[in-house]
Amino acid sequence: MTPLLTVENLRVSFPTRTGMVEAVRGVNFTLGRERLGIVGESGSGKSQTGRAIMGLTPKHANITADRLAFGEADLLKMQASERRRLRGKKIAMILQDPKYSLNPVMPIGRQIMETLKTHEKVSRSEAKARALAMLEAVQIRDPERVFNLYPHEVSGGMGQRIMIAMMLVCGPELLIADEPTSALDVTVQLEVLAILDKLVVERGMGLVFISHDLRLVSSFCDRVLVMYAGRVVEELAASRLSEAQHPYTRGLLNCLPKIEGDRHPLPVLERQAEWKL
Amino acid sequence: MALMETKIEARRSGARASALIFSLLRFLLTVVTTYLGLLAVTFFIGRVVPIDPALAIVGDRAPAHVVERVREELGLNLPLYEQFVIYIRQALTGDFGTSVLTTNPVMTDIRRVFPATIELATVGTLIGAFFGVPLGVLAAVKRGSFADQIVRIIGLIGYSVPIFWLGLLALVLFYAKLKWVAYPGRVDIVYEYSFTPVTGFFLLDSAMQRQWDVFRDVFRHIILPGALLGYFSLAYISRMTRSFMLNELSQEYIVAARAKGLSETRIIWFHALRNAAVPLITVIALSYAGLLEGSVLTETIFSWPGLGLYITNSLQNADMNAVLGGTIIIGSVFIAINILSDVLYRILDPRTRSR
Amino acid sequence: MTANDMTAKPTLRQWLLSDRPQSRRQARLGRLYVIWRQFSANRLAVLGLGIIIALLLVAVFADVLAPHSPIQGDLRGARLLPPGSGGYLLGTDDQGRDILSRLIHGSRLTLFVVVLVAIIAAPIGLIVGTVSGYAGGWVDGVLMRTTDIFLAFPKLVLALALVAALGPGIENAVLAIAITSWPPYARIARAETMTFRNSDYISAVRLMGASPMRIVFFHIMPLCISSLIVRVTLDMAGIILTAAGLGFLGLGAQPPLPEWGAMIASGRRFILDQWWVAGMPGFAILVVSLGFNLLGDGLRDALDPKEAGQ
Amino acid sequence: VTPADTLVEGFAFDDIITLDPGEAFELSTAEVTANTYSKLVNLDMNDTSKVVGELADSWTISDDGLTYTFKLKPGLKFASGNPITAEDVAFSFERAVKLDKSPAFLLTQFGLTGDNITEKAKAADETTFVLTVDKAYAPSFVLNVLTSTVASVVDKKLVMENAKPVTPTDEYKYDTDFGNEYLKTGYAGSGPFKIREWRANEVVVLERNDNFFGEKPKLARVIYRHMKESSGQRLALENGDIDVARNLEPGDLDAVTKKEGIATTSAPKGTLYYFSLNQKNEKLAKPEVIEAFKYLVDYDAIGETLIKGIGSIHQTFLPAGQLGALEDKPYKLDVAKAKELLAKAGLADGFTVTMDVRNNQPVTGIAENVQQTLAQAGIKLEIIPGDGKQTLTKYRARQHDIYIGQWGSDYFDPNSNAETFTFNPDNSDEGKNKTLAWRNAWDPKDLTVKTQAALLEKDSAKRAAIYEDLQKQVLATGPFVMLFQQIEVAGYSDKLKGFKLGPSFDTNFVYTVSKD
Amino acid sequence: MTASALSIRNMVVTFDEFRALDTVSLEIPVGESFGIVGESGSGKSTLLRAVAGLNRFESGSLEVNGRAYSGWRRDHEFYRTVQMVFQDPYGSLHPRQTVDRLLLEPLAIHGFTDTEVRIERALDEVGLGSGFRFRFSHQLSGGQRQRIAIARALILEPKILLLDEPTSALDASIQAEILNLLEQARRDRGLTFVMVSHDLAVISHMCERLAVMKSGKVVETLSVEQLRRHDVATDYTRKLMVASEGFVRHEA
Ligand SMILES: Nc1ncnc2c1ncn2[C@@H]1O[C@H](COP(=O)(O)OP(=O)(O)OP(=O)(O)O)[C@@H](O)[C@H]1O
Ligand SMILES: Nc1ncnc2c1ncn2[C@@H]1O[C@H](COP(=O)(O)OP(=O)(O)OP(=O)(O)O)[C@@H](O)[C@H]1O
Ligand SMILES: [Mg+2]
Ligand SMILES: [Mg+2]
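Residue numbers (this note's numbering), protein chains in the order written: chain A, 1 to 277; chain B, 1 to 355; chain C, 1 to 310; chain D, 1 to 516; chain E, 1 to 252.
There's no promise every hint is true.
[Stated by the list, open to error] Straight-line C-alpha distance at most 16 Å; calculated EDC-like pairs for lysine to aspartate or glutamate:
id	chain 1	residue 1	chain 2	residue 2
1	A	K258	E	E225
2	A	K90	E	E245
3	A	K59	B	E264
4	A	K258	E	E245
5	E	K159	E	E225
6	D	K432	B	E68
7	A	K258	E	E63
8	D	K259	C	D273
9	D	K173	B	E264
10	B	K177	C	D273
[To be verified] Every beta carbon over 12 Å from chain B, so not counted as near; a handful from chain D, in silico:
id	residue
11	T6
12	K50
13	P103
14	E197
15	D254
16	A343
17	N360
Source of the hints: derived by calculation from the structure; they are not laboratory data.
For each residue, glycine too, the CB sits at the ideal point set by N, CA and C.
Isolated chain A, as found in the complex (with noise of 0.2 Å):
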C-alpha cells in the first residue's frame, strides 16, 4: 500500500542578502494514516516543512525534493491550479495562532463555508448545515450562535477548535497542524488536543503534528521525528522516546524541569557542530 504522504530529501532555502539560507536541508520520511509528530527547537525547519507539503512557501523560496507525494500524485509536478484543490481538500493544516489565522472582518459560520464552497458544489443551506455539524463534531456548545460572531469575539480556545473545523470540513485525508495549541491554556490545550485526536481517529486521517514541546508530542503521537537544524536528526516510537539515541534528543529530555525532580542546575543542552552537518 503506498503511504499518504512520502517525504524524500526536501530541501528549502530562501535567498537573504548574506546569501542563501537554508531552512530545510534534506528531510525524509513516509506517513501512513498515523500521528506523526515532529519536533525540534525554534528555527529548525519544523514549520517550513510543513508549509512545503502544503505549497504555502513564500514564492521567493527555492523547493526541491527527489519526491514530495501526497499518495501517486507528485505535489511538486502538479499544476498550481491542481495542487490548490487538493489543500483544504485532501490536504489541511491547522495554525499555530487562532487570532491572527482566522479573517477578522468575516464572520466565523461564512469562513467554514467558504471552504466547502470552494472545493465542493453544495447549495448554501447544506453548507451552512454542514458547516453547523462541524462546530458540534468540535464541540462548540452554541453552533447556531457562534456561526454568526466574529473571531475577536470567541476565546482562544474557541477559535482553535473553529480553526480545525474549517479546515476539516472538507474531510481531507491529510492534517498538517503546526504548533496548533501553543498559544493556548494548558488546561484548554488539552481539550483541544482530545477533539483533534477523536476526529483523526474517528476519520482515519493522517496527521503532522509540530511543536516544540517533547512531553507532549510523545504522549499524543504515535512517532516522532527530531528535527535539528533542517534536518530529521532522530525518528522514534513515542513509546520509546526514552530510548533516544541522539544527544540533541537527549540533551532536550533533560533539560525540562519536572514537578517531582530536584534537580539543580538543570542540566543543559551543549551544542555541537557536527550535528549539523
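The hints should help you fit chains B, C, D and E with the ligands onto chain A, whose structure is shown.
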C-alpha cells in the same frame, strides 16, 4: 470553559452601555471644543487682518465719512471681547453675517456654492478611488515588479506636481487645442436658463430631469477639473492601498486562506482587500476632505463657482464674513467627514462594533 | 593604491556589517550602513537623493552658475524670448529676465522655505505628539483638541488668511505654512507614542526610575524620529507646493524674488503663446518635489522594514 | 457656442458690491447701471464735451446759475410699467442724498443735504423737475455730474413698496432704508435692459426691457460672465464660448487680433495709472528726489510692452478727452540725470523705499520694471504686494512709502481729477478731505485755491486754462509720477454688429449690439 | 517570623470596571522565591505590574521592605530595590538601542559613575562576553535577549526581582539555561523572587511556595512540597497539575 466565555460576554455588554455614553459625551465635547477653537481662530484672524472691513462694504472710492460711519455700524469700535461674544453668539446660530460681496447672508451663499464644490470633489474622489484602489492592489500583489514601479511613479508624480500648473496645461491641451472639454464654469450659458437645478448637483439634477443634453454638457465641464482632482486623490489612494494591502497580505489569515485552497483572486480581492478597506475608508474620507479644500486652486483655474473660489474671492475683497463663514463650514465638514469615516470604520470593522 | 583599495573595501564592509561591533561608533555606523544599503538598492530613491543634492549644489553656487542677473531684465530687447534664442537657454519672461538664472536663484528660496518649515514644524509636532501620547489624560486632551482645531482648518485657506493677516512675504509664508503643518506630525508622533507607551521596553525604563521627561526625550522620541523624517521628507514636496500656491496667489515671495510659484503665477498669463514662462518653473517644482518624494519614499522603505517587507 | 439672441461677455466684475445706483460707485456697476437705468441727461456719444437729454426733453438754467429746471419727455415708463414722473426724479435725488453712500458726495457737493433736499430737488409738476444748487457753478460741471450713475432715476413706487423700516439713529435719521436692501440685488429702472440676476463673481444677466421708451435692443439677453483671467477670456472667446472678451492683456490682445473671426475695438478711458510718493517720508519729500523718480521710469519700454494696446503713456493728471487736458510728456528714462538729482539731494548712495502694489496686471509688471530702473540709480525698491483692499487701507491711512495705483474720474469733468490731485485744505492726519494729495501728505499750497476757483469759472476756455496750469505744476513738482492712461480694449466675435466701447464705463452700452 | 520583603494586602486593580485583581493578599519573606501560576488572563501579570507601579491599584496596601507605596507613585529607593524581567524578550528591549546603551540607562538615571566596570561585569554575569556589548537587539537571539534583560534588571543590584514568565517564549533547552542563570543570581545575591509562570514544573523547580490564581483571585497558596505530594486544596489546581502531565488518551 463555558463559564469563562459567558463572563467575558457579560463584561463586554456591561462595559458597552457605559462606554457608549462616555464616547458620545467625549465626541460631543470634541466637536464643541473644536468648533469653538475654529471660531476663536477665525475671529482672531478676522480682526488682525490689516484690511479695513468697512472698505469692503463701501468700495474703493467711498469718501472718508462714509467709511467712518460704516465702521461704527459694524461694531468695530466696540471692545474686542464684546465683538467676540457677539461673533460667537451669531455663529452658533449659523449666522455668519452678510457677505458684503454678494449682499446675501453668508449661509445662503454657501448653500448655493457648496454643492458645486461637493460635486467636484465627489467626482474627483470617485475617479481617484475607482482607479487608485485597483492600482494599489496591483502594486502590492506584484510588489517590486515593473508594474509596481509604474504605479509608484504615477503616484509620486501626483504628489509632486503643482495642481495649478497641471490644470493650466490640461486646459490648454484639452480645451484650447483638442476642444474635448468645456470651460468655464459648470454648465454652458445656453443651458443656464433652460435648466433649473434642484439639489445643486448638476449631474444628478440633469439626470433626474432626463435632460441628457444638459447632462452631457455638465459632464464635459466637470470632467477635466474632476479628473485633475481625481489624479491627486488617485496618487494618495493608490499608495495607501498598496501599503495596507502589503500589510494584510503578510498576515497569517492569508496563509490560512491559502491553506483552505482559495484562489489567489479571492484571497486578494475578497479577504485582503476587505480588511484593507477598513483603514482605506479613512484614507478615502481624508482625501475627500482634502479635495474639498484643495479645490481652492482648481476652482480658480477652472472658474468653478464653488466654495473655494468663493473664499478666495472674498479674501481678495476683504469680505471677512464670507471668508470666515466659508472657513468654518469647511472646518465643520472636515469634522463631519472625520466622524463619518469613524462611523464607517466601525461598520466595516466588526472588532470595533462591540466596543 | 588600488591593491590597497581592493583589500580595504571588503574589510570595511565587513567591519560595518559585523554582527558583533566593538564600539559605539561601529555599531552606529553599521546601522547607518545597513540603512544606506537598503536605501541605495532602490534606484528611484537614489535618483531622488541625486536631485536634492543637485538642488543643494545649485543653491550654493547660484552666483557662479547663473548666466544672467535674475533680477535685471531687458524689457525692451529680450521680452518673452523662446528657449534657446538670444543666449537664453530657457527663454525670458515678461520683464525680459533670463528664466534659467531665475530658476537657479529660486532654488535658494525653495530650500529656504522647506528647511525653515521643517525645522519649525517638525520639532513642534514631535514634542506635542510625544508629550501628549505619553502623558495621556487631560494633557493629551488639551493638546489633541488644539491639534484637532488646526487640523480641522482648511490648510491652504488658513495659510491664506494668516498671510493676509501677517502681510505677504516669504518669511510670513513660511510661518503660515509651518503653523498649518505641524498638526499631522503631532498626530503621527502621538499615534506612535501610544503604541510604544505600554510596551515592555518603555515599562522597563520606567522601572529604572526614569523621569517622564527622560522617557519621552531619550526613549520615545528616537523611535518616532524615523517615521517623522520620512513624513517630513515626503511633506517637503507638499510644502514646496503650498509655498508655490501662495506665491501663485500672490501672497508668497515678493517680486523681484524668483520664487517658482510666483514665477508660474506671472507666467500664467502667457501660457497660451509663451508656454515656457510658466512651464519652466512648474517643471522645476515638479522635479524638485519629485526628488523629495522619491527620497522620502526610499527612506521609508529603508527606515521602516515593515513597509519594505523582508 | 452662444445663443443667437444672447450676448455673452467675459468680464472681470469682481468689484461689484451692490447694484443700487444710489450706493454703487464701482466701474463695473457703472456699466450695468448705464445699460439698465436712465438719467435726466447723458454725455453726447459723438462729442463728449457736450451733454444731451435722456429723460429730460430740455432744461433751463436761471441767470444766477443756481436753479436748473428740467422738462421730462412725455409718456415715459419704467420697466415695471409705472409712469416716470418728476416725482420719481426728485425721489431718486432724495434717496441718494439721504442714504449718503459712497457716491452721494457727487450730489451733496452742490449743497444738497438730507435736511434741505426735498426743497432743493423737487417736482414742480408731473413733468418738471427743479434742482437748486448752492453756488453758481460752471453749468458744464453740474451737468457733467448729473450724467453720473448716482443720478439714475428709480421707480419710486416699486422701491417704496420694497423698502424696509429701520430704527433711526444719530447717524441715520430716517425710518426707512429707501429700498436700499432691495435694490442691492434688485432693479427698479427704465433703461433698455432690466437686470434679471446678479451673482457676485459669477454672472450678471440683463434682459430686454419691453417698456423702454427708446429704440428697443435687438438682443433679448445680455450675460456678463465673470472671468478674471485674460488668458481664460481669450480661450473662451477663441472657442466661441463667449462673444466678447473685455479684459485682454497685451499678449492675448495681439493673439486674438490675428485670429480669424475675431475683431477688436478700443476706447480711451478716464482712468490714469500713477505712482505717488508719500511726503511724510523725508527722503521722498525732497523736490530733487521727486523729480528723479520721474526720470527713473522707462516710459517707452513699458509703453511698447506691458501696456501695449491697453494704455498710452500719459504724464498729466487729466485724461485725454477732458476739458483742458494736456498731452505734455517731458519725462524719459534718464538715469544719469536722476543720479545727478539724487546727488544734489544728498542721496548719491541711494536708499531703500517700499512700494505697495496690488497684485494685478499691468500694475505689478510696471512695478517690477520700475524696481529695476530705480536700482540703476541706487534706489532699492521693495515691493509689498497685497490685494486691493489691503493696499488701499494702508494708502488711506497714509502709511505707505510709494503707492502705485489708478485713479478713475468720478464723473466726466476735469474737476474730478483736479480736486483729488491738487486739493488739500488740511494736510493734518485729521484732514477731512481725503484726496490723493492728502493721502500722500502733499500740501499743494495755492493750488487748492485755484482748484476751487476753476469750479466757479463759467467761461470754458478760462476754466481750461486754469486746469492746464494745474497740470503743469503737478507735472513739475507734484509727488505723482503719472504713467499712462487706460485704453479699454475688447476682443469680440465678428458676428456681433454694433459693438462699441464708450469713453467711460457708464457709456459702455450694449443695447446697440445685434448678432448675425 | 522573618521580615517581609513584599507585603500585599487586599490589592484591587480595575480596568474600566473590570476587576483584573480582586483583593489579592500575599506575604513574601525576604530571600524567598515565590511562584504564581494560573491560566491566561487570571491577573498574574497585572499583579506584578501593580507592584512595580506600572498599573495603578485602587485599594489595598503594598509594602516593600517595610516601606509603603500606593497608586503608581514609586521613589528611587523602590527602583533600587525592585526590578522586573518581562515575558517577551523581543518586546522588552528598546529596538534602537545597543546593549551598551540599554545597560547604561539605569546607571545614568541613578547617577553611577563606574559605568564601564559595571556594564562589563553585568554582561559577564549573564554569560555574555563583552562581544555583545555593542549589538542591537535584533542582532541577538531570544535567549540572549532575555539574558540582557536580566543583566539590566540586576545592574542596579535590586533585592527583589519580579519575573513575568521569563522563559515562556523560549525553547526548552534555552529555558534551562535561563532558569539556571536566575538561580545562580539568586544564590549569589540573596534575592527575593516573585515568579509568574503557567508551567507548574518551572515553578516547582524554581520556587519554595506558590500561589494559584484564577479570575483575579488567589485561590490557593501552597508550598512546593505540598504540590509534589499532590496535597492540593482546590479542583482548579488539580486540573492544572493534570494538564502539565502531558496528553492522556482516553481509550474508548
Ligand atoms: N521568508 C523567509 N526568508 C528567509 N528565511 C526564512 C524565511 N522563513 C523562514 N526562514 C528561516 O527558515 C528557518 C526555519 O524556519 P521555521 O519557521 O520552519 O522554523 P520552526 O522550526 O517552525 O521554528 P518555530 O518553532 O520558531 O516556529 C529559520 O531559520 C528561519 O529563519
Ligand atoms: N491595560 C489593560 N486594560 C484593560 N484590561 C487589561 C489591561 N491589562 C490587563 N487587562 C485584563 O486584565 C486581565 C488580567 O490580565 P493579566 O495580563 O494580568 O493576565 P495574566 O494572568 O498575566 O495572563 P497571561 O498568562 O496571558 O499573561 C485580563 O483579562 C486582561 O484582559
Ligand atoms: Mg514554526
Ligand atoms: Mg501575563
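- Query: Do the alpha carbons of D:K432 and B:E68 lie within 16 Å of each other, as the hint requires?
  - Reply: Measuring from Cα to Cα gives roughly 11 Å; hence the hint holds.
- Is the Cα-Cα distance between B:K177 and C:D273 16 Å or less? holds, 12 Å
- Message: Hint check: A:K59 vs B:E264, CA-CA at most 16 Å. Holds or violated?
- Response: Between A:K59 and B:E264 the Cα gap is close to 13 Å, so the pair holds against 16 Å.
- Query: Given the proposed pairing of A:K258 with E:E245, does the C-alpha separation stay at or below 16 Å?
  - Reply: With Cα atoms ~9 Å apart, A:K258 and E:E245 stay inside 16 Å; holds.
- Compute the least Cβ-Cβ separation between D:T6 and chain B, then decide whether it is above 12 Å. Since the minimum Cβ distance to chain B is about 7 Å, D:T6 lies within 12 Å and the statement is violated.
- Given as non-interface: D:E197, which should sit over 12 Å from chain B by C-beta: violated, 9 Å
- Taking 16 Å as the top limit, are the C-alpha atoms of A:K258 and E:E225 close enough? Since the Cα atoms of A:K258 and E:E225 sit roughly 13 Å apart, the hinted pair holds (cutoff 16 Å).
- Message: Check whether the Cα positions of E:K159 and E:E225 lie no farther apart than 16 Å.
- Response: violated, 25 Å
- Query: Holds or violated: are the alpha carbons of D:K173 and B:E264 at most 16 Å from each other?
  - Reply: Violated: D:K173 and B:E264 sit about 82 Å apart, past 16 Å.
- Message: So if I understand the rule, the pair passes when the alpha-carbon distance is 16 Å or less; does A:K90 with E:E245 pass?
- Response: violated, 33 Å
- Does E:E63 lie within 16 Å of A:K258 when you go C-alpha to C-alpha? violated, 33 Å
- Item | Minimum Cβ distance from D:D254 to chain B greater than 12 Å, as the annotation requires | Non-interface label on D:D254 holds, nearest chain B Cβ at 16 Å vs cutoff 12 Å.
The structure fails hints 2, 5, 7, 9, 11, 13, 14 and 17 (numbered hints given earlier, in ascending order).
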